[in-house]
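Residue strings, one per chain:
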Amino acid sequence: MKGIHKEFPGVVALDGVDLKLEEGKVLALLGENGAGKSTLMKILSGSYQPDGGDIYLYGKKVEIKNVNHARSLGISIIYQELSLSPNMTVAENIFAMREPARFGLINDKELNRQAKTLLDELEIDISPSKPVNELSISNQQLVEIAKALSMQPKIIIMDEPTSALSSKETELLFKIIRKLKHKGNSVIYISHRMEEIFEISDSISVLRDGKYIGTVETANTDPDELIVMMVGREMNQFYPQKEFTFVKDEKLLEVKNYTKKGYYHDVNLFVRPGEILGLYGLMGSGRTEIARGIFGMLKKDSGQMFIRGREVHVDSSISAIKHKIAFVTEDRKHEGLVLTASVYENVTFANLHKVLNAIKLISHKKEADITKEHVDHLRIKTPNIYQMVNNLSGGNQQKIVLSKWFEIEPEILILDEPTRGIDIGAKYEIYKLMIDLAKKGVGIILISSELPEVLNMSDRLLIVKDRRIVTELDPKRTTPEEIMMHITGRRGES
Amino acid sequence: MKNYGGVLLALVGLVILFSFLSPNFLNANNILTVFSQVSIIAILAFGMTFVLMIGEIDLSVGSILALCGLVLGVMLYSGFNEWIAIAATLLTGALAGLFNGIVSARFSIPTFIVTVATMGIFRGIGYAVTDAKPIQIDNPVILFIGNQKLFGVLPVPVLIVFFLLILFHVILAKTTFGRRAKMMGGNRLAAEYAGVNTKTMKMKIFVVSGIAAAISGILMASRLYSAQPNAAGGYELDAIAAAVLGGTSLTGGYGTVLGTFIGALIMGVINNGMNLIGMPYFYQQIVKGLIIIIAVYIDVRNKQRMLGK
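Here the protein sequences come in this chain order: V and U.
Residue 409 in my numbering sits at position 409 of the first sequence, and the numbers go up by one each step.
Residue 144 in my numbering sits at position 144 of the second sequence, and the numbers go up by one each step.
Just so you know, the hints here were simulated from the structure itself, not pulled from any lab data.
Do not take every clue at face value.
List of simulated lysine-lysine pairs, DSS-like, C-alpha gap at most 30 Å [claimed, not checked]:
#  : chain 1 : residue 1 : chain 2 : residue 2
1  : U       : K204      : V       : K322
2  : V       : K168      : V       : K61
3  : V       : K354      : U       : K174
4  : U       : K149      : V       : K324
5  : U       : K133      : U       : K174
6  : V       : K61       : V       : K109
7  : V       : K260      : V       : K211
8  : V       : K354      : U       : K149
9  : U       : K288      : V       : K333
10 : V       : K440      : V       : K365
11 : U       : K174      : V       : K324
12 : V       : K168      : V       : K476
13 : V       : K261      : U       : K199
14 : V       : K299      : U       : K133
15 : V       : K256      : V       : K211
16 : U       : K288      : V       : K322
Reference excerpt, derived from the structure (chain V facing chain U, CB under 8 Å, subset only) [to be verified]:
#  : residue
17 : M97
18 : I321
19 : V338
Stretches of chain V that chain U covers, calculated by requiring three or more beta carbons in the stretch to come under 8 Å of a beta carbon on chain U [unchecked claim]:
#  : segment
20 : 107 to 116
21 : 306 to 318
22 : 329 to 337
Backbone N, C-alpha and C define an ideal beta-carbon position, used for all residues, glycine too.
All chains should be built: construct the whole structure from the sequences, respecting the hints.
Shown next as structure tokens:
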């Protein structure tokens, strides 16, 4: 791809980007959110048309007209978001639109047989006749990969393929990628995870702000160099230092024996003012459900909650907000933001009373002032406060969610995967914000599936497994091995 | 104003078209007539804007309108003071809307289904109570509302529409209620997390729609000098069309009362213009149907453009 240029209303998404993919090689594509990786890949796979630049395939100039055309050229893309039909079986999904048929009737037996062969070849252990909605998210992701590979592509684009995969499944994916390489196929691999990129790629191309920065051989580079290329400045530390564990030795929030059958059981935890309490567990362990329980969205059956020693009843988000509990949810697109609304409407949403004038009408001036304050303070990159949040990058969207919750002046802040899918620069800013809030006496509950994040950011660490809190660890002393032991349940004692 | 560019242009275009086709179209009298004719649909559509805004639909407004007209007629016929009768009529509309809202919110039934059902129920109640006969209205106050002109020029219905235009606009654009409705339509789950009681909101929104239908019912009874049990059949679709023409999203999260008003005016101008040039009624139906398709197409296209596809 040479000199690719693409504009969206008001934004230049790609500005003369070059990309070279060699046969039988894995090229990692690296860049912060909003750098233009996804746009570039959508052009290559035919979803978007470039406004300028050329694409060459085996030295021949091609014009990729649409997704089907890209497929016929041997280019296949696996998206970050799943694109499977939930009610259809694995086999039906893999061969959607290409089912083996006779007289227009689908031959189910043959369909399942072909799917089985493919899955076996990939060593994916999933029954082809199972409906997709009965599979775990990670297995759905594997089906997605199988689907892309079933088209026998020469070039496979993988956009954050491991975001829903466990380490074991990631290993499987890497095995598949290596096999593909061996067969002479080429892979473009997009990921935020440095370790993965170093493990699997042959070379790395970096984009920043829609511009092509450069390509390096994986063997001749290190994470520090890549980060400088990505963010355009040196980053000394991934995690800012928090120099205190709490600001006051009292229990700001305490829950006792919180239980909702089937969701969370017998949860006991407390957080002090200024403390960051880490909650670590695998996907599906119940960590998010515990957070929803505390926030009143998944109402407890039994148990008690105390704020500063006084019992409170939080049975809905409304009462949670009243008690100054804020909840930055894991899924910002579905639970955090109104994507079709503007930046300012999202920022003021959780505390509209603050922007009312004397006659109880919304004062636009107040809204605008408050929003601009957040935009400046959190360095939210947006053309203006009237921009629809759908058009902003993940990191900036997350900052808007944070702004919204800051508006209720929270005393207790629950952060569920606050840095998922955001780039390193924005991550660091969010960590710093957490510490600033803690300094002011906010108690923070940090849920994360990134082990380094909870280990570096939390003052105390609770391990969640099977919808229960199984143990408390000191994040300064514990090791990843000890934690894995607890969550896999391979403990010697008890 | 740039939000209304498209619809305003369409309105101006239609006005120019009809003023060429019919010499009577562009005189002051006819324009006021258009406004008066449009008033009933416009008010229904104001209520509908709120409903569509939260991503719901209210197909029962035509039936609520008719039922409310009958309540007014019966009350007046029974000798109640006109103000008490008006209050009872508004209350009827509010309760009918509340019924829609409660049934949908409590039993988690889509409002499309609930209001298709109550469309029949409310209409049926009207027929049953009046034995399907119209009720004549001769109360001077009520007749004044629909038929008189203030200072000899400004028709009262037009004043009412403009008053409600401002009122509903302020509610939607400037109150926490309106903002929450918009945000809830954009993403219900995010609204719940942000502390919106979405079930209560739904009930309130349907009450607004019911009250709007009641006001339209009073106006219509006045203009027809009678309450008709079969009044306003199909008006729900006109109201939806007006709102969508005016830029309100059918899937929720976006819309303005002013836009809806312009949408209603477009419908009114087309109706009036087609009558003036003597187009047969059946063809008018076809034209209106096509307009609805165009309006929905515009909605779909806008959505795609907004989401950057």
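Results of checking the hints against the structure:
1. At roughly 22 Å between alpha-carbon atoms, K204 (chain U) and K322 (chain V) fall within 30 Å of each other, so this suggested pair holds.
2. For the hint pairing K168 (chain V) with K61 (chain V), the CA-to-CA distance comes to about 40 Å; that exceeds 30 Å, so the pair is violated.
3. Simply put, K354 (chain V) and K174 (chain U) have alpha-carbon atoms about 13 Å apart, close enough for the 30 Å limit, and the pair holds.
4. Restraint check for K149 (chain U) and K324 (chain V): the C-alpha separation of about 55 Å exceeds 30 Å, so the hint is violated.
5. Between K133 (chain U) and K174 (chain U), the direct Cα distance comes to roughly 43 Å. Violation of the 30 Å bound is thereby established for this hinted pair.
6. Between K61 (chain V) and K109 (chain V) the alpha-carbon distance is near 41 Å, which puts this suggested pair outside the 30 Å criterion.
7. The straight-line distance between the Cα atoms of K260 (chain V) and K211 (chain V) is roughly 50 Å, outside the 30 Å bound, and the hint therefore fails.
8. A distance of roughly 43 Å separates the Cα atoms of K354 (chain V) and K149 (chain U); the hinted pair therefore is violated under the 30 Å criterion.
9. The suggested pairing of K288 (chain U) with K333 (chain V) is violated, with an alpha-carbon distance near 38 Å, which exceeds 30 Å.
10. Between K440 (chain V) and K365 (chain V) the alpha-carbon distance is near 28 Å, which keeps this suggested pair within the 30 Å criterion.
11. Simply put, K174 (chain U) and K324 (chain V) have alpha-carbon atoms about 25 Å apart, close enough for the 30 Å limit, and the pair holds.
12. With a CA separation close to 27 Å, the supplied pair K168 (chain V) and K476 (chain V) stays within the 30 Å bound.
13. A threshold of 30 Å between alpha carbons decides the hint, and for K261 (chain V) with K199 (chain U) the separation of about 24 Å falls inside it, so the pair holds.
14. This hinted pair does not check out: K299 (chain V) and K133 (chain U) have alpha carbons roughly 53 Å apart, beyond 30 Å.
15. With a C-alpha separation of about 52 Å, the suggested pairing of K256 (chain V) with K211 (chain V) is violated against the 30 Å cut-off.
16. The straight-line distance between the Cα atoms of K288 (chain U) and K322 (chain V) is roughly 49 Å, outside the 30 Å bound, and the hint therefore fails.
17. Given hint, M97 (chain V) at the interface with chain U, is violated; its Cβ is 21 Å from that chain's nearest Cβ, farther than 8 Å.
18. Taking 8 Å as the C-beta cut-off, the interface hint given for I321 (chain V) holds, the closest approach to chain U being about 4 Å.
19. Hint on V338 (chain V) holds. Least Cβ distance to chain U is approximately 4 Å, under the 8 Å limit.
20. With a threshold of 8 Å between beta carbons, the proposed coverage of the segment 107 to 116 of chain V by chain U is violated, since 0 of its residues qualify and at least three are required.
21. Figure legend: the segment 306 to 318 of chain V, annotated as covered by chain U; annotation consistent (3 residues with Cβ-Cβ distances under 8 Å, at least 3 required).
22. With 5 residues carrying a beta carbon less than 8 Å from a beta carbon of chain U, the segment 329 to 337 of chain V meets the three-residue requirement, and the given coverage holds.
Checked against the numbered hints above, the structure breaks hints 2, 4, 5, 6, 7, 8, 9, 14, 15, 16, 17 and 20 and satisfies the rest.
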